[in-house]
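Residue numbers (the numbering used here), protein chains in the order written: chain A, 228 to 568; chain B, 228 to 568; chain C, 228 to 568; chain D, 228 to 568.
The reader is advised that the hints may include incorrect statements.
According to the in silico footprint, chain C covers these stretches of chain D (three or more CB under 8 Å from chain C) [unchecked claim]: (1) 443-453; (2) 518-532.
Here are the simulated DSS-like pairs of lysine-lysine, each with C-alpha atoms no more than 30 Å apart in a straight line [as the list claims (entries may be wrong)]: (3) B:K431 to A:K431; (4) A:K454 to B:K454; (5) C:K454 to D:K454; (6) A:K231 to A:K266; (7) D:K454 to C:K431; (8) B:K431 to C:K266; (9) A:K454 to B:K431; (10) D:K431 to A:K266; (11) A:K431 to B:K454; (12) D:K431 to C:K431.
Just so you know, these hints were derived from the structure itself, not from any lab. Glycine is no exception: its CB is placed at the ideal position from the N, C-alpha and C atoms.
4 protein chains.
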Amino acid sequence: MEPKRVIILGASGYTGAELVRLIAGHPGLRIAALGAERKAGLTMAEVFPHLRHLDLPALQKTDDIDFAAADLVFCALPHGTSQAVVQALPETVKIIDLSAGFRLRDPAVYARWYGPHLAPELQAGAVYGLTEFYRDAIRGARLVAGTGCNAATGLYAVLPPLRAGVIDPDEIVIDLKTGSSGAGRTATEALIHAEVADSTRAYKVAQHRHLAEFDQEFSAAAGREVKVTFTPHLVPQNRGILATVYVRGAADAIHDALARAYAAEPFLHVLPMGDIPATAHVRGSAFVHVGVVADRRPGRTMIFAALDNLAKGSAAQAIHNANLMLGLPETLGLGAAPLYP
Amino acid sequence: MEPKRVIILGASGYTGAELVRLIAGHPGLRIAALGAERKAGLTMAEVFPHLRHLDLPALQKTDDIDFAAADLVFCALPHGTSQAVVQALPETVKIIDLSAGFRLRDPAVYARWYGPHLAPELQAGAVYGLTEFYRDAIRGARLVAGTGCNAATGLYAVLPPLRAGVIDPDEIVIDLKTGSSGAGRTATEALIHAEVADSTRAYKVAQHRHLAEFDQEFSAAAGREVKVTFTPHLVPQNRGILATVYVRGAADAIHDALARAYAAEPFLHVLPMGDIPATAHVRGSAFVHVGVVADRRPGRTMIFAALDNLAKGSAAQAIHNANLMLGLPETLGLGAAPLYP
Amino acid sequence: MEPKRVIILGASGYTGAELVRLIAGHPGLRIAALGAERKAGLTMAEVFPHLRHLDLPALQKTDDIDFAAADLVFCALPHGTSQAVVQALPETVKIIDLSAGFRLRDPAVYARWYGPHLAPELQAGAVYGLTEFYRDAIRGARLVAGTGCNAATGLYAVLPPLRAGVIDPDEIVIDLKTGSSGAGRTATEALIHAEVADSTRAYKVAQHRHLAEFDQEFSAAAGREVKVTFTPHLVPQNRGILATVYVRGAADAIHDALARAYAAEPFLHVLPMGDIPATAHVRGSAFVHVGVVADRRPGRTMIFAALDNLAKGSAAQAIHNANLMLGLPETLGLGAAPLYP
Amino acid sequence: MEPKRVIILGASGYTGAELVRLIAGHPGLRIAALGAERKAGLTMAEVFPHLRHLDLPALQKTDDIDFAAADLVFCALPHGTSQAVVQALPETVKIIDLSAGFRLRDPAVYARWYGPHLAPELQAGAVYGLTEFYRDAIRGARLVAGTGCNAATGLYAVLPPLRAGVIDPDEIVIDLKTGSSGAGRTATEALIHAEVADSTRAYKVAQHRHLAEFDQEFSAAAGREVKVTFTPHLVPQNRGILATVYVRGAADAIHDALARAYAAEPFLHVLPMGDIPATAHVRGSAFVHVGVVADRRPGRTMIFAALDNLAKGSAAQAIHNANLMLGLPETLGLGAAPLYP
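Looking at chain A on its own, in the form it has when it is part of the complex (with noise of 0.2 Å):
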C-alpha cells in the first residue's frame, strides 16, 4: 500500500521534530511537506542536526506549501496561528491540531482561558484527541485536537476511577512534575540551563490553562461539575511528566477501574498494586506507567501516571490518531521501546 502523505507545520518546534523522528520509522506515512515560518529556507538538518541522516524536504512557509497532495496535516503552531491555518485547508485534507487551539468544546470557556476563538465553526466538528477514550469518534473526525500534554497524564489517571465512580469527584488533587522540553524551543530567561538545572519550582499555580481540559473532560466523565486542584511543576530534566494523583477511594477499587479500563490498550500499563512508575521507564516511547498507592489513611490513595510529554503527550498520541483517521493499524510506527537510561 502507498504510505499516506502527511504535512508537519511547525516543524522547527520539538513537537515538529518529533513527528519527523516518529514517523521516520512509520511504514506507512511519508512526510510530504514541513513548515516553518521564521525558518522558511532552511533544511531539517540545519534546524535538528539529529535528524541530517533522513531525507526531508526544506522548511517552507505554510503559503507556500500545496496541501492538495496531503493526506494529513499536523499542525504544531500556537494556538492563535494554528485555528486561522487550519481554517484555511483545503476541505479534503484531515487534521490534528496540535495547539489547544479545538481541545475546548465550549468556545466561550476557550475564550475565557485562550482569548476569542478565530474558528469556533469547526470547534463543533472537532474531537479531543485522548486517543483511548475517544477512539470510534477519532476515527470517523476531520479534525483532532491534540490534548495537552499536563492534561493527557493526569486525565490517564483520573478518568478510569471516576468512570468508574470508586473516587470522590470532588477531592482531587492533581501534583505534576514536568520536564523543560514542555515549554518548547523558545526562548526565555526562566527556561535558560542554568535557571532551570539542579532546581525544582512550581509555576502557574492553580491558573495553568490545562485546568480548561481537566473541568471539560472529568466533568463529561463524572456526569457533573468536575474540578480539580492541579499544581505543576518544573523539575530539571528534559523529558518526561509525573503526575500524582490524591484521591478518595479504596486503592483496589482504583487500581481495578485502570486495570479494567486499559486491559486492552496498547500503550497503557498499569503497574502491579504499589509499584510506582518513573517517568525515564517511558522516555521518548508512546507508552504510559500508571501506579496505585494505597495511603496509610484508610479510604485515600494515591495514583501515579508517568508519560513522555513530546512523544505520548504530544507527537505519539498524534500519530496513533492519525493512525485511526487514515485506516491504518493503529499501533503502527509506535511500538518503539523506551530509551533507558
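Go by the hints and put chains B, C and D onto chain A.
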C-alpha cells in the same frame, strides 16, 4: 573569646562534610576531631577534595577520639550506631545527633518505625531540633536530635497555620520533591547517576519514616492526633527539597499565620502572597522560602516550602542549634547567601 | 523468513538492556533466552521497567540456558567471565562478545592491560568489531569482539585520515568526554548521582585500557607503531561520547579522507567543514556525527566524533555485526532516529 | 574601619548577582548602589530571589546613580557598553571592569576581535586582572580588567611552566569544558535547558575571543609570540570550568613550576602529582585546583585546572582585586569553602 571545640562523627558522609564546610566559616567553633570508621586514617582532603584548603584533623575511629576535650559532638552516624555511640559519650559534652536515633519522643513509636531503641533513657532528655519551634528547650538541652530533612520542610510549611487553627488538621497532603544528596554518599544501584538523571519518581510512598516525625509534631501542635498524607519524590538534582502542601483553609489566614510565626526568624522568609519558591533560591544556605497560593476552589490553599536538605535541612540546622546550646549568637556562621545559579 | 534466535548474556546491565531495546524493534531477530547470574529468576520488567511492554523470557543463570537452540549469543559480561563463558559455548552458535575479552589480537598485550587471557585459542579467530573497517571479516566470523565505546569514538575520527596518510601518526591527542552510563549499572561511590551531576572531571588519565585498542588499530592502520595521547573525562550526562581529536594535517585533506571513507556508510555522517557535532544529536541511535574544524594555526586540525556509547558504541554496533554474521540486511533494525531533546 | 562603598553595574546578570552574594559576606565592602538598565526599578529580590534576605538598594539606571559616593565600581556590563560607561565615571572612583572592554593592552588587537575600542586612552592605564600574576600593578591601578573566565582557567594551568621554560611554547593545546552559566543570563535558543542538558558540544572552535587573551599573556610570559590551540566545550552543568592542557615537557618539572609559583597563593592548590581536579570541588569558591599527570609518552604532560567561572573566574577574582586596590587584606571575604555536592 576562645572558639568552642566540636567533634564531628560520621565526617565521611555528606552531612559530615557539610558541617565541616559551614564550621570552616564559623568564628565561634573549632573542629577538634573528625570521626569516620571505614575511612579512618585518611585525610579529609582525600575523602572530600573540596575541603583541601582547610587545615583539618585526619579521620579517626570513634574509639580513638578524646571526647573530653570537646564542648559539643555532632553525631552524623546511622541511627542504630548513633544511639550506642551517644550513650558512651562523657557527660561533659553536649550532643547534636543528626540521625533518626533521638527524634521520636516515644520509644515505642521509634521501635515501630526503626526497631528497638538502644538508648531509651537518653531519649527522655532529647529535644527535637526544629530550632524555630523548640528554641528555648534547645538552649538548655544536652542532647538535641536533628530533624529529618523532609520532615523539616513539611513542618515549616504546616506548623504555623496548624497551630493558628486556620487549616483542617485532617486534610493535609504533603507532596515533596527532593534531590539525590538526601540519600547520602552511599553506593546503591538506584542512586547511580544514570538511574537518577533525567527522571522523576516517587519512593517509599505512604511508608517513609519521616511520617513518624510528622505525626509527632503535627499532633503536638494540634493537641490531637494528626495523620498526614506524605509522598516523597526523587528529582534529578543534587540539593534541595520543595514541599507542596495541599491544605483546607483560607489562603490569607494561612499566609498571615506564616508571616506572623516567622516575622522575627532570621532564616525563614515568607514570600508575598502568590509567589512560589524554587529550591535553587536557597541552595547551600540556612534559608527557607515559604510561599502561599490560593487554589481556584475557595477554602483550598497550596503552601510551598523550599530548603537545602544538607544545609538548613541538616548541617545548618545543627549549627544553629549548637549556637544556642553553646551560648553563641544564634545566627553566627550561618548567614551566607545561597549559591545561584 | 524465520527470525534468527539470539541469546543475551548479561541482560541485567545497561548494554544488555540496550540490546533488548533494539532487538525488540528488529524484524530479523528473536530473543530466545536472557542470562543474568545475580538476578536470575527475575523478569526483565522487574530489572528494567522500561521493557515492561515486551514479552520476554525471564532471566536465567548461564548454566540453565539451552544454547543449542540459538543462532547467535550476545555476551555482555565482564571480560574475565566472558572468556570462560564463550569458551564453553557450543560450536554451532556464533558469538558477539561485548566485553574487552577478545578485542586485543595479541594475548600478551591483553595480559599486560587486563591480566591472563583465559581463551587464547579462541582469540586467533576473533574479529575486532568496528564494523565499517572489518566488514568482510565480520561477515565470516564466528566470534566478533565488540569494541570499547571510547575506542570506537576515537577510531571513527582518526582512522580515515590516518589511513590516507594526511595526518602525522605521532601527533594525535584524543580528548574524550563521556556520559555516566558507560560505567555500567554498578553501584560505586564515584558514580552516584550527587558525585557526577554538575561536575566534570578526567579519569584514568594516560592509563585507560582503551589505549590498548587505540594502539592496536592505529598501528595496524599506519603500518607502524602509533601511540596516541588519550584523556577521558566524565561529564554529567547519561549517554553520549564526544571525542575531540587534535591532529597535524590540513583540514581539507582530513575532511576529504573522512568524507570518502564514510561516503557509502549508512550510519556515519561527516558534517560540512566547520560544523561541530553534539552528543545529543545521536542520542540512542546507531549514527555517528563527525566534524572537522581547521585550527587557526596552519597544519593543525580538530576532528570531532559523537556517538551514543550504549547504542553505536556497544549494542547497535553488536546488532550491526550480527546482521552481517547472520546474512541479514546490514542496517536491519538500526535506522531509528536519535531522541532529541 | 568604615567599609568601602562599592557600586555594581550590570547587577541583573549572573556576574552581578555573584558579586552581591560574595560582598554580602565581606566585612570590608558595602553596596552603595546597584545598576541595571532594563530592570531598573525592580528590587534585587524580584530579579534574584536567592538574595531576598539581604537589605539591598533597588536597581537603578546608570544615569541615576551617584558615583561620587563610591570608592569602587564593579562594571559587569557588555564590553561595548562598558567602555562608554567607564569613560564617564568620575576620576575619584576606582573601577573593576568585568567585560572584555579593557583586557587587551593593544587597542588594535582589541579591534580585531571585538570591534573599535571606545576608550583607548583609558586602556593604557588598565591592568589585566589575573591577580596572582599582576598583584603589584593591580594594587596601584585605577582601572582593572577582569579576565575572561575561560582565559583565566587556561592561564592558571600554563603560565608557571611557560615562565619557567619547562614546556614548549609552540605545543600547547587547551581543551576546555565549561558550564552554562558562563554564557550569562541571556535567553537564546542554544542555551535553553533542553538544548544543553544531557549533551556535550564544542563551540567557537578556533575562534573564541579568549584566544586574544591567551595570545597576549602567553606571549608576554614567554617573551616571544605564543599561539595556542584552544577548543571550548559546553557541558551540561551550571558552574565550573575544567581546562585540560596538553603540553610538551617533563611532568615533574611542570609540577615543580606550578607548586613553586603557587606555594604562597591563598587560592591556588596544586594537587599531588597524578591527582586530577573536578569542577565540583571548587564550586562557588575562589579556589583553583591544578593537577598534573604524565602522559605515557615521555616528554608529554597533561595539566588540569578547575575553577568556578562565576566565582574565581569572575566575581571572586574581582573582589580579590578590589581588596588589593582598596588596601584591604587581600583574602577578605573570599575564604568560603566550595559547595559540595
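Here is how each hint holds up against the structure:
| no. | hint | verdict |
| --- | --- | --- |
| 1 | 443-453 | violated (count 0) |
| 2 | 518-532 | holds (count 8) |
| 3 | B:K431 to A:K431 | holds, 28 Å |
| 4 | A:K454 to B:K454 | holds, 25 Å |
| 5 | C:K454 to D:K454 | holds, 25 Å |
| 6 | A:K231 to A:K266 | holds, 26 Å |
| 7 | D:K454 to C:K431 | holds, 29 Å |
| 8 | B:K431 to C:K266 | holds, 22 Å |
| 9 | A:K454 to B:K431 | holds, 29 Å |
| 10 | D:K431 to A:K266 | holds, 22 Å |
| 11 | A:K431 to B:K454 | holds, 29 Å |
| 12 | D:K431 to C:K431 | holds, 28 Å |
This entry does not satisfy hint 1, going by the numbered hints stated previously; all others are met.
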